[in-house]
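Starting from the structure of chain A, add chain B where the hints point.
Those protein sequence lines, which keep their order, are chains A and B. The opening position of the first sequence corresponds to residue 1 in this note's numbering, with each subsequent residue numbered one higher. The opening position of the second sequence corresponds to residue 1 in this note's numbering, with each subsequent residue numbered one higher.
For the record, the hints were derived by calculation from the structure and aren't laboratory data. Here the structure is a predicted model, which means the values were calculated and not measured. It is possible that part of the hints are untrue.
Straight-line alpha carbon distances no greater than 25 angstroms define the calculated DMTMM-like cross-link-like pairs of lysine to aspartate or glutamate that follow [what the hints assert, rightly or not]:
{"id": "1", "chain 1": "B", "residue 1": "K36", "chain 2": "A", "residue 2": "D392"}
{"id": "2", "chain 1": "B", "residue 1": "K16", "chain 2": "B", "residue 2": "E33"}
{"id": "3", "chain 1": "A", "residue 1": "K368", "chain 2": "A", "residue 2": "E388"}
{"id": "4", "chain 1": "B", "residue 1": "K5", "chain 2": "B", "residue 2": "E41"}
{"id": "5", "chain 1": "A", "residue 1": "K300", "chain 2": "A", "residue 2": "E370"}
{"id": "6", "chain 1": "B", "residue 1": "K16", "chain 2": "A", "residue 2": "E233"}
{"id": "7", "chain 1": "A", "residue 1": "K297", "chain 2": "A", "residue 2": "E144"}
{"id": "8", "chain 1": "A", "residue 1": "K459", "chain 2": "B", "residue 2": "D48"}
{"id": "9", "chain 1": "B", "residue 1": "K16", "chain 2": "A", "residue 2": "D392"}
{"id": "10", "chain 1": "A", "residue 1": "K205", "chain 2": "A", "residue 2": "E220"}
{"id": "11", "chain 1": "A", "residue 1": "K297", "chain 2": "A", "residue 2": "E276"}
{"id": "12", "chain 1": "B", "residue 1": "K5", "chain 2": "A", "residue 2": "E559"}
{"id": "13", "chain 1": "B", "residue 1": "K5", "chain 2": "A", "residue 2": "D322"}
{"id": "14", "chain 1": "A", "residue 1": "K154", "chain 2": "A", "residue 2": "E130"}
{"id": "15", "chain 1": "B", "residue 1": "K5", "chain 2": "A", "residue 2": "E276"}
{"id": "16", "chain 1": "A", "residue 1": "K215", "chain 2": "A", "residue 2": "D515"}
{"id": "17", "chain 1": "B", "residue 1": "K16", "chain 2": "A", "residue 2": "E268"}
{"id": "18", "chain 1": "A", "residue 1": "K581", "chain 2": "A", "residue 2": "E559"}
{"id": "19", "chain 1": "B", "residue 1": "K5", "chain 2": "A", "residue 2": "E260"}
{"id": "20", "chain 1": "B", "residue 1": "K36", "chain 2": "A", "residue 2": "E272"}
{"id": "21", "chain 1": "B", "residue 1": "K5", "chain 2": "A", "residue 2": "E272"}
{"id": "22", "chain 1": "B", "residue 1": "K16", "chain 2": "A", "residue 2": "D322"}
{"id": "23", "chain 1": "A", "residue 1": "K459", "chain 2": "B", "residue 2": "D30"}
{"id": "24", "chain 1": "B", "residue 1": "K12", "chain 2": "A", "residue 2": "E268"}
{"id": "25", "chain 1": "B", "residue 1": "K12", "chain 2": "A", "residue 2": "E267"}
{"id": "26", "chain 1": "A", "residue 1": "K7", "chain 2": "A", "residue 2": "D22"}
{"id": "27", "chain 1": "A", "residue 1": "K404", "chain 2": "A", "residue 2": "E393"}
{"id": "28", "chain 1": "B", "residue 1": "K12", "chain 2": "A", "residue 2": "E276"}
{"id": "29", "chain 1": "A", "residue 1": "K282", "chain 2": "A", "residue 2": "E260"}
{"id": "30", "chain 1": "B", "residue 1": "K16", "chain 2": "A", "residue 2": "E272"}
{"id": "31", "chain 1": "A", "residue 1": "K321", "chain 2": "B", "residue 2": "E17"}
{"id": "32", "chain 1": "A", "residue 1": "K459", "chain 2": "B", "residue 2": "E41"}
{"id": "33", "chain 1": "B", "residue 1": "K12", "chain 2": "A", "residue 2": "E272"}
{"id": "34", "chain 1": "A", "residue 1": "K466", "chain 2": "B", "residue 2": "D55"}
{"id": "35", "chain 1": "B", "residue 1": "K40", "chain 2": "A", "residue 2": "E388"}
{"id": "36", "chain 1": "B", "residue 1": "K40", "chain 2": "A", "residue 2": "D227"}
Single-letter residue listing:
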Amino acid sequence: MFGYMGKLLRINLTNNSIKVEDLDLELAKKFVGGRGLGTKMLYDEIDPKIDALSPENKLFFINGPMSGTPTPTGGRYMVVTKSPLSGTIASSNSGGTWGARLKYAGYDGIIVEGKADKPVYITVTEENVEINDAFDLWGKTVGETTDILQKEKKTNVLAIGPAGERLSKIAAIMNDKDRAAGRSGVGAVMGSKNLKAIVVTGNLKVSLFDEEATKANNKEATQKLKDNPVTGEGLPAYGTAVLVNVINANGMFPTNNFQEGVFDNAEEISGETLAEKYLVRKDPCHRCPIGCGRYTKTDKVEGGGPEYETIWAFGADCGVKDLAKIIEANYWCNQYGIDTISAGATLAAAMELSQIGLLDHVDFEGHKLEFGNDDAIVYWTKKLALREGFGDEMADGSYRLCEKYGRADLSMSVKKLEIPAYDPRGVQGHGLNYATSNRGGCHVRGYMISPEILGLPAKLERQELKDKPFWTKTFQDLTAFIDSTGLCLFTSFALGADDYAKIFNSIVGTNWNGDDVLKAGERIYNIEKQFNIEAGILPEEDTLPERFLKVPMPAGPTEGHVHRLSELLPEYYELRGWDSKGAPTKERLEDLGL
Amino acid sequence: MITVKLYSAVRKYGGKEVLFDHKDGITVRDIVEDLKIPLKELSIIILDNFDSTPDIMLDRIIKDGALLHLFPPMAGG
Chain A
1 MFGYMGKLLR INLTNNSIKV EDLDLELAKK FVGGRGLGTK MLYDEIDPKI DALSPENKLF
61 FINGPMSGTP TPTGGRYMVV TKSPLSGTIA SSNSGGTWGA RLKYAGYDGI IVEGKADKPV
121 YITVTEENVE INDAFDLWGK TVGETTDILQ KEKKTNVLAI GPAGERLSKI AAIMNDKDRA
181 AGRSGVGAVM GSKNLKAIVV TGNLKVSLFD EEATKANNKE ATQKLKDNPV TGEGLPAYGT
241 AVLVNVINAN GMFPTNNFQE GVFDNAEEIS GETLAEKYLV RKDPCHRCPI GCGRYTKTDK
301 VEGGGPEYET IWAFGADCGV KDLAKIIEAN YWCNQYGIDT ISAGATLAAA MELSQIGLLD
361 HVDFEGHKLE FGNDDAIVYW TKKLALREGF GDEMADGSYR LCEKYGRADL SMSVKKLEIP
421 AYDPRGVQGH GLNYATSNRG GCHVRGYMIS PEILGLPAKL ERQELKDKPF WTKTFQDLTA
481 FIDSTGLCLF TSFALGADDY AKIFNSIVGT NWNGDDVLKA GERIYNIEKQ FNIEAGILPE
541 EDTLPERFLK VPMPAGPTEG HVHRLSELLP EYYELRGWDS KGAPTKERLE DLGL
Chain B
1 MITVKLYSAV RKYGGKEVLF DHKDGITVRD IVEDLKIPLK ELSIIILDNF DSTPDIMLDR
61 IIKDGALLHL FPPMAGG
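Bound conformation, chain A alone (with noise of 0.2 angstroms):
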């Protein structure tokens, strides 16, 4: 078996068994690894309709072929499992080191079912899996948690903090202390099992099935890495937060929960003031060359981060011009174990919800929910984690905050999932994108920024409606391939399909080429769509917030667009082979191999 370990972990919380099963080779080559595999089995196993937090749901921790492998970026993991909040498939992708580990340990994943009665623990070895009592760790932030279970080098711990464990709808699960698996809710799954972390242990080697050509293979990918400069320079110097100034200057900075599309602070909320006044240094993943990561400081806090889409959210979205303070809550978000787009973009409709006065009543305890008010992002930012006051109305997500007080239209979600940092009235390809993520309000299913913004890898007009739907598709289906893979997207700046089927290949034993990368990608996301289909997502779900289909931009180098979603929509379904209300044909499945 090369590539994969050959072996998955099932563990029930319930009954406290625990089983090691074979992997399944030819469903792994399949659907890949990682987002194709635990989709393809969550959707075997369970009942899409059910409840995301009972017991009945399954959490899927679950690596692909080249994580644990000497591919440049090879260190990724996926959980998989059933969104709480939005009720679509979760998959959220996190770097780090720990998914490399559960590889060293032996594991290509491990399957989380049932809930145990009291708080525990699992801890896997080479030799050794036990489920233990976590009394102690309950409570305990995701720092405190890692700081205590990380007793050995070769360890890596993935933890819940309190927000998981109060079944907050948008917490995350961490690992390696500021790694997220963010987005979907997934860190509520993992506190409704009872479940506050996952401490790996190994050394073991990854079989590679052709040496020789996987190091040939990682040396060309690793010199275009470096020779690209976005990954081998824009990327490393600034990190993400590059982005703030460009898609300001494009108009499509969501401001004031995406009321305008240009924040005049954002020069003072950038990458590059980052770099200059609170970056200690570059903190990589696991084998990768590029080197986003921020490890940043300021004369409160010290940690990993922020992203860019981190700083948008508690930045221009909620007003803010405080790098500082983003940074603190960024740091807050990382300890209680939160998403932070989600969370900032929450406390966004909250200040709109009181700007239009329907906060009137809420006893802001000093730190007033409105917009340009720094202090409140880092007290609301700890109060909705730990669900206290206010703050417990906020925990499950800006849809149900403004659904509460019969304002739905103001949370700027798709599916329940916050969109991020780029307006779609300004992009209309990446409008396309979070109406049809099969997750919701995602911008990394199917990054349409690259070629609509950045010119990559070769410019697209932004507000052009021709040939949108075609790429959009395309830029979904290699995402899904390269997220089931292990690899970061981020080498999709530098690398294309050929270059991934021919690392594929030489790891796993394949003859792939581009066409089958796409392929194996567009199947993973039609058993996406099947799962959604089952669960009860409505066809009318494949939306955009009414604010961008019904309000032109107000000012700014977007003025007067909306998002063209009705224009664009039908020839997406056509071109995915679906039907009209966007279900796919028993003919597409078919020809999918599903």
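Below, chain B alone, put in the same frame as chain A:
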């Protein structure tokens, strides 16, 4: 007057912002050459709210009072 804003790696050619006197017929290329920015170091140019790549933008004539943004290759997400 023309306001030119520079970002990330190309700030080494002039800092955050440079002001130019307007001249009839002045193009984006004239500004880029004046700042001595190698073309391969530019990726996205925004002039008067229109964004595109250097091959499309370099020969555009700049109006008085315009705002020009010059970006090197970048990505994130």
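**Study point:** Structure-inconsistent hints, enumerated in ascending order
**Key:** Hints 1, 9, 18, 29 and 35 are the ones this structure does not satisfy, whereas the remaining hints hold.
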